[in-house]
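Number of protein chains: 2
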Amino acid sequence: MSSAAPRVTGQDHLWSVSEHLEDILATVRPLDPIELQLLDAQGCVLVEDVTVPVSLPPFDNSSMDGYAVRVADVAGASEEYPAVLTVVGDVAAGQAELLHVGPGQTARIMTGAPLPPGAEAVVPVEWTDGGLGAGPVSAMRARSTSPEGASGQVHVHRPAQARAHVRAKGSDVKAGDLALSAGTVLGPPQIGLLAAIGRGTVRVRPRPRVVVLSTGSELVQPDGELESGQIYDSNSYALCAAARDAGAMSYRVGAVADDAETLRATIEDQLIRSDIVVTTGGVSVGAYDVVKEALSSVGDEDEAGGGIEFRKLAMQPGKPQGFGTIGPDHTPLLALPGNPVSSYVSFELFVRPAIRTLMGVADVHRPTTRATLRTDKALTSPAGRRQFLRGRYADGEVTPVGGAGSHLIAALAHADALIVVPESVESVEPGTEVEVVLLG
Amino acid sequence: MSSAAPRVTGQDHLWSVSEHLEDILATVRPLDPIELQLLDAQGCVLVEDVTVPVSLPPFDNSSMDGYAVRVADVAGASEEYPAVLTVVGDVAAGQAELLHVGPGQTARIMTGAPLPPGAEAVVPVEWTDGGLGAGPVSAMRARSTSPEGASGQVHVHRPAQARAHVRAKGSDVKAGDLALSAGTVLGPPQIGLLAAIGRGTVRVRPRPRVVVLSTGSELVQPDGELESGQIYDSNSYALCAAARDAGAMSYRVGAVADDAETLRATIEDQLIRSDIVVTTGGVSVGAYDVVKEALSSVGDEDEAGGGIEFRKLAMQPGKPQGFGTIGPDHTPLLALPGNPVSSYVSFELFVRPAIRTLMGVADVHRPTTRATLRTDKALTSPAGRRQFLRGRYADGEVTPVGGAGSHLIAALAHADALIVVPESVESVEPGTEVEVVLLG
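Residue numbers (the UniProt record's numbering), protein chains in the order written: chain A, 1 to 440; chain B, 1 to 440.
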């Protein structure tokens, strides 16, 4: 670290939002995959093509509670002239030993039970007298209270075509089929499919572990007492929640006072459980900007271009930003500005895509849309800066919430969108179409 | 429980999807609120109006790293004719004891630090020589390496209006303002706001605890070996994941064999950790439908209308359904059919809204939209049943995925929408506009 105060020169490169983001996305790599229990893999990205080891269903089975029959035996059956069949027993779901259904015979069969040999179709119980000899029934009697239902005779009132109410082996998926391809995000139905084909574990990229650390001697925990000149730490809470919202696990380290040695030691301590480190505050041009002070000198000596670089971005809020890698594992670190709105907007624009990249998700960005600006007076924006204003979006229109001030956290809590004002635009009239980032 | 097989009569009321849902929503009540640590309350619904106890910012403070000045002292200042001020010291963020800035004096001030008495405005460090006497600088030197920056003289190159770069006390929110109203779902920015106003804990409705239990003697854990007639249990996995996705905590009890006593005992055991119980399978008209058998006789004697009622719904898939309350706390229980697609669709239509109701969320339903049906041949649907077909939705169009079979779990895993075919419709031509439930 140089002790000379930097001069204003042409070398003070102003980074565009896109350049900074590109640098981050070119550096951050998807996490190495691990084998996880199925339910632990929810929300994670599959890294393997999963093929079907066993056809689904694994055997021909009944789609109804009813009677397994031979087609010829029920041909022409009606309520007036029922086919009368001898019940040879029950076929319950999960039953391994199957009865044979011969001519004039039937087996009572439950939904999901294997079609017994000899049978060609299933007639639903509602098409029969359930063995009671007194007209159509709407259900079977429970086996536990009426074991006689598995024997005797049954009257069948309607014919059945071959394979009626039979789910064929492999009619869902066949052994060797591709069940899910690499890159699939595992939601509930995908987890259901993996279970159905017998996968108890699955190879995915794990949830990234995000350590969030706010800095500033003025910061007090929310349940503490404010002394003169102090404020409550909100960034570490908001960003921990935002990291989880992005799909990560997050650890809130809380506020570290403005002391470079303490900060450096704290970050080094945390690397063991960090896939990415996020700090807030201490990155600007002040004399107490400890993040900058502590991390500008932290080299990442094993890797060319390692270390944390501090930059000015052509954006508002969020001008000062730090990014790089740190420690033996080249852990990515994003040093965000300390104003609550600046840190939150920076998180959305830079940390969220980094987290999504670690997860291996294909589309790392928030959805954007076009909307008509609803406001009484024109919005103003500094020339040469991409401005992100807070807004509420509904039905193709967006209304600004609060002003441009990066300390307006109450307004942020009532926004659900960011209104983007491009670098070249200094004023946006009411009714203009603008780009909007939907915060979800 | 009656051992008579039910007869087909006019009393066999066929419930509509809406009637069943209304019954559920009229029975399920939001959970009692509890006080949670802020980050534990993420995704939960606030039950209190939260007012601001202390204005934000709590004091006038600097929005820049710079110098706190008296306006008259820098009037007319320029780079050629700078105002030369005596630096009386630093004002860092969080500093309690403040210097007084007298005429001809200035204090070096950091972003977020309180405006010291006597000072009226802040000039950014970039408008000064940073005390070095050699033209404009872009940043301060770090205090730790250059303590002399807090003394000596500074040249200021531009004038400042009163209150320039000063954030006024209360300019974000004022003490007594409503910060967030009851009913707000706590996302990252809301959690940030609560922290900022000093709330370490917050009163919310907790996440519902959902116990998921699949039944069927044919079910094997996904990492087990399939014997003849067996299939893998997928429902308990898919529904546990779906419950989490809805905002709940879920406990997978796994598959219970078709034995009514075991099932009843298992459910009673689980009630201690259940805000809602979901079972799959065993609710239809077969002789081994143990859920129906076990729960039809479980009264909820303390409450009129308690107990579990089994119904036929005018829908496909998902015709057989059970619903009621159970145990001393009148815990809601939904007994879903066992086919994977039936149980998942039933979860989306009935369990998810129940979970969202327990959470106290205002809008409990998935979003729906209208879409043009893209398909080669007309869809058919049974008269008098509301059919829910799986589809993929994009850009106002929906394409069916797989057929109507309720065992087609692979197709479900590639769907992101349900196509709704109303009770009165038996055929839907390609190009028709249909209602679509977006599964998100």
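No wet-lab data here; the hints were simulated from the structure.
These figures come from a predicted structure and were not determined experimentally.
A hint or two may mislead.
Which copy? The list can't say, so a pair holds if one copy fits it or any two copies do.
Derived lysine-lysine pairs resembling BS3-like cross-links, with alpha carbons at most 30 Å apart [stated by the list, open to error]:
1. K174 <-> K312
2. K377 <-> K319
3. K319 <-> K169
4. K174 <-> K377
Hint by hint, here is what the structure shows:
no., hint, result
1, K174 <-> K312, "neither (56 Å within a copy, 32 Å between copies)"
2, K377 <-> K319, "within (25 Å within a copy, 56 Å between copies)"
3, K319 <-> K169, "between (62 Å within a copy, 24 Å between copies)"
4, K174 <-> K377, "between (62 Å within a copy, 25 Å between copies)"
In this structure, only the earlier hint numbered 1 is contradicted, and the remaining ones agree with it.
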